[in-house]
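Here is how the chains run, residue by residue.
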Amino acid sequence: MADESTATPRRDPIKNPVGITAAQRRRQNAVSVGKERREALFRTKRLCRVGVSSDMDAPVDSDMMIEEEQSILEAQTSSAVEELKIAIAFQGKGAVQKKVNALRDLRRLLSRSEFPPIETAITCGAIPLLAQCLSFGSQDEQLLEAAWCLTNIAAGRPEETRALLPALPLLIAHIGEKSSMLVAEQCAWALGNVAGEGEDLRHILLSQGALLPLAKMMFPNKGSTVRTAGWALSNLIKGPDPKAATELIKIDGVVEAILRHLRKSDEELVTEIAWVVVYLSALSPVATSVLVKTDLLQLLVERLATSNSLQLLIPVLRSLGNLIAGDTYTTNAVLVPGHELTDNIILALVKCLKSEHRVLKKETAWVLSNIAAGSVGHKHLIYKSEAMPLLIQLLKTAPFDIKKEVAYVVGNLCVAPAEGSGRPILIFDHLVSFVRNGCLRGFIDLVRSADIEAARLGLQFMELDGIDAMERFQFHENEDLRNMANQLVDKYFGEDYGLDS
Amino acid sequence: MAMEVTQILLNAQSVDGSVRKHAEESLKRFQEENLAGFLLSLSGELSSEEKPVDSRKLAGLVLKNALDAKEQHRKFELVQRWLSLDVGAKTQIKTCLLQTLSSPVHEARSTASQVIAKVAGIELPHKQWPELIGSLLSNIHQVPVHVKQATLETLGYMCEEVSPDVVEQEHVNKILTAVVQGMNPSESSNDVRLAATHALYNALSFAQANFSNDMERDYIMKVVCEATLSPELKIRQAAFECLVSISSSYYEKIAPYMQDIFNITAKAVKEDAEPVALQAIEFWSSICDEEIDILEDYGGDFSGDSDVPCFYFIKQALPALVPMLLETLLKQEEDQDQDEGVWNLAMAGGTCLGLVARTVGDEIVPLVMPFIEENITKPDWRQREGATYAFGSILEGPSPDKLTSLVNVALNFMLTALTNDPNNHVKDTTAWTLGRIFEFLHGSTMETPIITQANCPQIITVLLQSMKDAPNVAEKACVALYFLAQGFDDIGQTSPMTPYFQETVQSLLSVTHREDAGESRLRTAAYETLNEVVRCSTDETAAMVLQLVPVIMMELHKTLEEHNLSSDERQKQNELQGLLCGCLQVIIQKLGSSEQTKYGFMQYADQIMNLFLRVFAFRSATVHEEAMLAIGALAYSTGPDFAKYMPEFYKYLEMGLQNFEEYQVCAVTVGVVGDICRALDEKVLPWCDGIMTQLLKDLSSNQLHRSVKPPIFSCFGDIALAIGDNFEKYLMYAMPMLQSAAELSAHTSSADDEMLEYTNLLRNGILEAYSGIFQGFKNSPKTQLLIPYAPHIVQFLDMIYMEKDMDDVVMKTAIGVLGDLADTLGNNAGPLIQQSLSSKDFLNECLSSDDHLIKESAEWAKLAISRAIST
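Residue numbers (the working numbering), protein chains in the order written: chain A, 271 to 771; chain B, 1435 to 2305.
Do not take every clue at face value.
As the list claims (entries may be wrong) - Mimicking BS3-like on lysine-lysine, the simulated pairs with C-alpha atoms at most 25 Å apart in a straight line are: (1) K2117(B) - K2163(B); (2) K2131(B) - K2085(B); (3) K448(A) - K2078(B); (4) K2163(B) - K448(A).
Because the hints were derived from the structure by calculation, they are not lab data.
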């Protein structure tokens, strides 16, 4: 060994058998295919998520957008559509990548400014091209980019949204079970935008069969997919025709999926599901009667008690209110005074009344007014609860729209359901305590307002109870009030007042 | 402490197997029981003049093997053991070793030099044995010739063993002085001159400072050049080897010597013995390598990014260099094409000519064409072959503009020659040249296509005909067809090869059945060509590709029916199974890539999977890499349905993950786990406990080749992505592993290129794991489980940003992780990112990147971060 001259490593001859290197290349290719797929998965997941969230949360980072002259943007868009046309016609090496690149460029332009050049894109003929890119058997990334472009176009002005019509069947086709979740999700989002636009478009989507696959998208446990599907569904069943809502509740598995997500999922997802419940319960008595017989109320109340997210609490509250107002079964059979759930709901509502958000206070008052419309037992329950001082405080200090809802609660608390055909009976204890606590000022404000319904409410209170109370307790603002009331009666009710009563 | 080992060492070389075995076991036991005593005995044996040469030599070898091993973990272990030995024992051993350098017995001296180098390799980096170089060189001028020779040899080995930065410049100077003096023509002993020349070869990497000093460099170069003229062949050869090494290590310093070197090498190529002439050619090939690298770094824009300027030595030497190389092409050996291992003047000359063409491009063409025209029709086969070889060699480098018209003329001539030339060499080189034409001048990027509807039929006909020629010619014809098909990759809906698809496939299949398909790697070439033809085929022939499935399945089935084979036959059978699995992998990938063809293919899925399982069962111990890859492709095509194969397949998956020895198999299996995750999605969950256990074991093993570790981390990401927050239970194992690997990858700066490349691979794997985990947990109520890990991840990102040595791939993955972290953790990540040292700079750098993938990831990350910060 030592006496051998050190053999320098020989160079590979230029004329070399290729078989071995070909096999190596093939193996490397096989391995790199896997890497590319991982990469594509990462990218598409991100791509899709940004898409899904940027519209709903809408915090578009303004300094990311390079503000450009609209005309430049339009010129770029028209050439991007042209590029896409060329890419679609191209058949040679890298055809798919070319298409994806062209789609990506267009998508970026359409996501770019606060006034995306949607009109230009449509005028240049983007829609049929995008629909073509959605053809069956296309790669996921291509489908995603095309669906994203359509999503952004659908987010435009009404007539721009309507331009999507030719692409709707394909978008619907791609939300089927055969599609990848990500593609389905992006398509669902585009459809959600379309559905949000108007009743006629909802009608078209429903007749093209969008309801069933969207409903099925709610079944799995993949968060973002279900979220998007829920959002799109809530747009789709918005009505005013209640047919879609009734159909939805009848699809096998929908009720289970709703309950499961409300039970287990994170807040963002529950928010979207709760919106579905809002429309189901607002529009369809069938749906409401199905839902109140499940443990839905329980779940809604739990969410109400535990969450601090305004986005979540609003639809939850509204669903609760709908369910309570929409089916007497709820108040009569589920929210029975003395029942644990009933106590819980009051506690949760109290929590919401304490919240900083005006919308929340208002919605809570609305739900409370629905409960307060129940039995005398319900009225006592609310009256004795922690809600009472909060309501009184709100009636004194809250902005008008909240005051109005609170007034309904207070009004309902003072009047017991009519027995037989007689007039409603006053619950005198309640009334007296309200007046003593200075509620009158709130009602006076209502009377002062320009909202006729509210003013009537205020006056009713004063007429029925307030004046009576004032005479008894000699309020120092007596004169002020009387003057005010007279003025208002003249101003707003005039002749009507007399006719009504 | 020492013990008598002579007899055991002699027995260990006995012809009697049982005696040998017993002796080997005794040695092993002795080594385990008392390492210091063992090594002392061996060094004593080596140094003792009374002992037989054979036992002394073996003692030295065993000693050497106790200090070094090929496998990294074993080597590390041996080094640690030596370092922890008693200092007294070590001193004694080293004294024996140095003493042996004076032995009159050549074998003893030579073995001792190597052992000394190994010890130096361990000790010098730890600043131990500082007196070694001094004591070796102290009286180099007074010692007898044989001692001088041994000393120089030792210095040479030592320079090979230790890295230049652990030897002080003062010592380097002494070594170089001794070595160069040993090379001097005034040195009378050829043995000393040769040992010195070899030593210089290894010492060159130490001579950075000396090569920067004009006088010292001039002197070294003078001595080396003089040595190339030595009457002794081995010295000339060794001197040229030094020149080759200098050309790559000190390219920027050799301009003043190039004229002389050209003269020396030209003379050697023309007149000297082949080993010397080959080194002389190698010098020019090496210069080409350097200039190609530099010009590539220039990247066409001549911004001068490269540290080293191009001196255009090849361009300057071109008019003389090309004729010199062309002359070598006519010095072919008979039968060189049949013999794979051969390397001669003609092959080296052609290879160098190819490199020259790549270095200078168009300029070479007019210098070579006259040679081709003059020789290509000559009656002597050497001239025809040499001319064809010259043409084939210059097809890469010059622009298509320059070559297209020539190739159009040549193509017909080549096709005729391939059919009609009586000489096997000429046909071999002709088919090879056609392959080169298709490789470099055919494809969708060419402005004027060489292959047209008109000539394509004839080309295919001739190539298919040549596949019936001698194995070496048939192999080249296959390769030509391979590149022909490759050029039609992505052609669109219609390929000119379509009408011949069936015939081509049949011809290739009959080649695989040739009796002599084992020669010249013909069978491999035929299958790989079949694969490429299938891969690049269009939808028009999808039905025929589908028909190929049962054919290949039958072939694979046949191999599984053969039993009781000799070990040689068995190896061939394994090879064939590999080729067939590879072929199925390509077909599956092809048919699985579109919905229409996938449907037809799915009818075979069960049967194919069954065959693969049998291939695994057939090879009891190891898992077939090719079958694994094919299964990965199958999983992708079948999607969630692959779940039904998991119960049977799982054990082989596990075996693959346990295959430390054949680490490529392990790596491929890790990749297949990723494929399966993507195919099964949540359905992979029941198998994850087993898979994760095995992956974690792999990561903690120091036996597993390090190249498998980055893909394992990426695989964590694949699993998390598939099973979402079910990954929860693995977090407590996976996260610390990722964290410590991340820390490890932080402390590798200032390493060499290879280490840097590995570090980047490792970082990428770690980052892909993080991305997969974050994305998997996104929207889950359990995202808060990730919060405790976030600070470290942000620090890791800070660290790799600040090290400034990440490549584009890492950059893209890293910025993606930052986005995923913000996206998944939302406002929990906001403050962390805002407080991080460099997130903002990193993001901005990525936003302004030229790489659109990086830019896109960064834009996305920016959006995610802005949301995390604002909510």
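Cross-check of the supplied hints:
no.: 1; hint: K2117(B) - K2163(B); result: 17 Å, holds
no.: 2; hint: K2131(B) - K2085(B); result: 16 Å, holds
no.: 3; hint: K448(A) - K2078(B); result: 19 Å, holds
no.: 4; hint: K2163(B) - K448(A); result: 31 Å, violated
Checked against the numbered hints given earlier, the structure breaks only hint 4 and satisfies all the rest.
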